[in-house]
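Residue-level listing of the chains:
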Amino acid sequence: MTMLGRTAQNLYWLSRYVERAENMARLLEVGYRMSLTSRREGGSSEHLMSMLQAAEMDEDFAKKDRPADVDTVAHFMMFDPTNPSSVFNCIQAARTNARTVRTAITGDMWETLNGAWLSFSQIKPRDVRGAKLLELLEWVKHLSHEFRGALLGTILRDDGFSFLQAGNFVERADNTARILDMKYYVLLPRAKMVGGDLDIQQWSLILRAASAHRSYRHVYHDRYKAHNIADFLMLRAEMPRSLIYCARFIEAQVDTLAGFYGGKGECNEAAASLRSMVEGTTMETIFAQGLHEFLTEFIARNNRVSNSLSESYNFY
Amino acid sequence: MGDTTPFDEMYNPDGSVREPYRALAAWLEEQPDKALTLMQSDAEAIFRKLGITFAVYGSDEGTEKVIPFDVIPRIIAAQEWRKLSKGIEQRVKALNAFLYDIYHRQDILKAGRIPEKLILQNSAFAPEMMGLEPAKGVYAHIIGVDIVRVGADEFYVLEDNLRTPSGVSYMLEDREAMMMLAPDLFQRQKVAPVENYPENLRRTLESVAPAGAGSSPNIVVLTPGIYNSAYFEHSFLADQMGATLCEGPDLFVDGGKVYMRTTTGPERVDVIYRRIDDEYIDPLTFRPDSMLGVPGLFNAYRAGNVTLVNAPGTGIADDKAVYTYVPEIIEFYLGEKALLQNVPTYNCTDEEQRNWVLANIADLVVKEVHGSGGYGMMVGPTSTKAMHAEFRKKIEARPDNYIVQPTLALSTCPTYVNAGIAPRHVDLRPYVLMGDEVRITPGGLTRVALKKGSLVVNSSQGGGTKDTWVLED
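Sequence order for the protein chains is A and B.
In this text, residue positions in the first sequence follow full-length UniProt numbering: the first is 1, and each later residue adds one.
In this text, residue positions in the second sequence follow full-length UniProt numbering: the first is 1, and each later residue adds one.
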């Protein structure tokens with residue numbers, strides 16, 4: 001049986017929102033840790049501002065006209081109903097999408113999201129500070145892991161599965177690209193690469209935001225280096241949040257959909273063009289071309305995948 | 001009737017346990033302290049986690065609530081059920097025959113058995129349905145008959161819900177929950193299964209597919225969307241039947257045929273189990289401001305290209321004013337005496353009856369003719385003098401808008417409440433399917449008024465539900 005275009009759309013977004021909630025939690029965790037070790041006292045923390053930028057929340061936050069201190073930013077990223085990508089809104093949107101397509105997902109997937117939404121709704125934002133905040137951020141990551149586990153363990157491998165997976169990885173690719181872009185200047189090759197304290201702190205921030213600070217060492221057996229970090233998050237196929245991993249995964253999903261529906265469309269071409277950017281290239285070539293320009297183009301092509309999926313499969 | 005001590009379904013007046021409840025009574029005896037309290041809180045957690053919720057309109061405690069579930073089952077003996085189900089089957093057959101007649105030759109009106117005015121000037125009568133031939137001649141395929149018990153052998157039909165009766169998902173989930181909470185209780189006696197309802201629903205819907213639909217008709221459930229109070233049920237039933245859950249904008253009509261918008265383009269739809277009221281299903285035929293429906297749907301239906309379940313216009317047969325004629329209807333079409341009794345109903349347009357009603361309103365139940373869900377009704381004995389006066393005025397102003405019935409002493413069942421186990425009033429809604437044949441699920445949904453002494457069982461008014469067991473011989 002063929003599914004409704006609206007169902008495909010809801011599945012795609014449901015999965016994007018779960019991934020986004022996880023990414024927001026990870027970003028906020030990094031921002032929080034950095035602010036603890038930051039020497040700056042009072043006023044707006046630079047790290048928190050970059051967090052907001054990476055989450056594309058800086059403009060909305062600026063409208064609040066509040067200093068970017070830990071509590072304010074944490075509240076804004078976690079709970080603020082006026083912030084469309086706050087963790088609360090992501091979980092709510094995921095749950096609403098799930099409720100709408102309740103028949104297209106499994107009971108286990110639904111119960112994970114419904115349970116998470118119920119628990120999250122009970123939380124009083126003012127109680128969430130310090131250790132409580134870290135605990136809650138950990139919980140959000142667990143929610144995402146639990147959801148993914150339920151998804152991988154229980155759902156039929158049909159077109160719905162591919163829409164869910166495509167949504168997940170389009171969101172992830174977008175997130176990794178944005179984290180890199182936010183700090184692209186600290187990754188740029190410089191004449192005097194000394195790796196001072198500040199640099200190391202910044203690099204570890206980037207890696208942590210992608211849950212990659214441990215696995216980095218396994219791959220490079222080396223201390224943090226800007227070139228390696230960029231390579232790890234962009235071109236290493238074994239890194240599950242790298243651009244190349246995401247791009248290949250997305251292409252595989254849209255190709256599976258083409259197989260399922262018996263014909264390729266614009267979204268297959270879009271996914272191929274996304275992958276071609278990170279395939280068979282090196283960091284040297286990318287740096288020469290301009291890292292920021294490269295990432296901007298990558299994000300644009302990723303958006304094209306999203307839009308053409310919507311066109312090809314009658315999201316409406 | 002009129003007896004002030006209600007019939008207790010578990011205990012005889014002498015305190016002994018009635019036969020069908022013996023195993024339950026023994027089981028309750030064996031439960032350690034707090035076992036029921038634990039079960040009750042487990043049940044609440046299960047329902048909330050599963051998202052088995054309903055929306056209460058006008059409630060400010062958020063939009064979703066869990067319907068309270070009582071852990072003590074309601075039990076019906078095999079021979080009691082046989083009697084009930086025969087009476088129910090008779091009723092739904094007669095009502096469907098009535099609908100066919102009303103929308104065709106109107107013999108019953110010509111014969112003067114029902115006043116013409118009562119039908120033709122009734123807002124529930126749908127002239128658009130005149131002369132239309134529904135598949136298998138069936139109009140009401142899915143019916144929930146509200147039944148109350150007042151004595152060992154005394155059952156009354158309160159209402160025949162022939163439009164879009166809800167609650168069947170609670171019947172199914174209550175059983176699921178009960179089996180999870182007290183599996184050992186099921187081992188002590190044979191309880192008739194209810195789990196095949198979704199399968200039977202699918203078979204019923206398939207059996208009324210349009211002629212050209214082929215052997216595997218495309219069935220969809222049409223819902224007003226996630227904000228509807230019964231959305232959980234809509235998605236639940238679609239899921240259980242393997243049907244697509246659609247909202248109005250997912251469907252469209254082209255060339256008199258209905259299609260759904262899929263990932264690969266339009267796909268033909270054969271049967272629509274719609275959970276949208278008549279007046280909203282098609283803005284071109286009914287309410288033009290409806291955003292929930294599908295423009296052109298009614299014409300596609302008229303052309304026989306799609307089946308609507310239930311058919312539009314079934315409301316004329318469960319109208320509260322027509323209700324009083326159901327025994328007449330059964331006799332007229334089936335030539336049989338009604339097996340199940342109606343509650344005696346006073347007609348306020350008759351001056352003599354009205355005067356009697358106005359004088360005795362404190363003992364009576366007043367219902368709005370088109371009201372539902374426990375809204376717009378007054379239970380005399382539990383209402384204030386001010387309320388009595390208010391309803392007296394209402395009846396005098398619009399006597400045709402109300403029906404009045406004696407206050408029935410609804411039977412009680414032991415129910416787990418804060419003070420322990422105490423009797424609470426219950427009713428029963430068995431679910432009936434009618435397509436190529438009549439299929440009745442044993443039992444149904446038992447609704448229980450959780451407030452002490454309350455006779456209003458509606459979930460919107462603080463009612464809960466119980467798993468309902470029909471014992472097998």
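One or more of the hints may lead you astray.
With a straight-line Cα cutoff of 16 angstroms, these simulated EDC-like cross-link-like pairs (lysine to aspartate or glutamate) come out [claimed, not checked]:
no., chain 1, residue 1, chain 2, residue 2
1, B, Lys49, A, Glu138
2, B, Lys394, B, Glu368
3, A, Lys124, A, Glu135
4, B, Lys49, A, Glu111
5, B, Lys49, A, Glu135
6, B, Lys136, B, Glu437
Label pairs and their in silico Cβ distance ranges [claimed, not checked]:
no., chain 1, residue 1, chain 2, residue 2, range
7, A, Ser310, B, Gly212, 49 to 59 angstroms
8, A, Arg157, B, Arg302, 54 to 64 angstroms
9, B, Glu195, A, Thr72, 50 to 60 angstroms
10, A, Gly262, B, Gly462, 24 to 34 angstroms
11, A, Glu46, B, Lys34, 48 to 58 angstroms
12, A, Thr72, B, Ser216, 50 to 60 angstroms
13, A, Ala237, B, Gln31, 52 to 62 angstroms
14, B, Lys117, A, Ile123, 36 to 46 angstroms
15, A, Ser273, B, Tyr227, 52 to 62 angstroms
16, A, Ala252, B, Glu195, 31 to 41 angstroms
FYI, nobody ran anything at the bench for these hints, they're computed from the structure.
All values reported here derive from a predicted model rather than from experimental measurement.
Cβ atoms here follow ideal geometry from the backbone N, Cα and C, with glycine treated the same way.
Okay, the hints, checked on the actual structure:
no., hint, verdict
1, B:Lys49 to A:Glu138, "21 angstroms, violated"
2, B:Lys394 to B:Glu368, "10 angstroms, holds"
3, A:Lys124 to A:Glu135, "14 angstroms, holds"
4, B:Lys49 to A:Glu111, "6 angstroms, holds"
5, B:Lys49 to A:Glu135, "22 angstroms, violated"
6, B:Lys136 to B:Glu437, "10 angstroms, holds"
7, A:Ser310 to B:Gly212: 49 to 59 angstroms, "33 angstroms, violated"
8, A:Arg157 to B:Arg302: 54 to 64 angstroms, "42 angstroms, violated"
9, B:Glu195 to A:Thr72: 50 to 60 angstroms, "53 angstroms, holds"
10, A:Gly262 to B:Gly462: 24 to 34 angstroms, "54 angstroms, violated"
11, A:Glu46 to B:Lys34: 48 to 58 angstroms, "56 angstroms, holds"
12, A:Thr72 to B:Ser216: 50 to 60 angstroms, "58 angstroms, holds"
13, A:Ala237 to B:Gln31: 52 to 62 angstroms, "59 angstroms, holds"
14, B:Lys117 to A:Ile123: 36 to 46 angstroms, "60 angstroms, violated"
15, A:Ser273 to B:Tyr227: 52 to 62 angstroms, "40 angstroms, violated"
16, A:Ala252 to B:Glu195: 31 to 41 angstroms, "39 angstroms, holds"
In this structure, the hints that do not hold are numbers 1, 5, 7, 8, 10, 14 and 15, in rising order.
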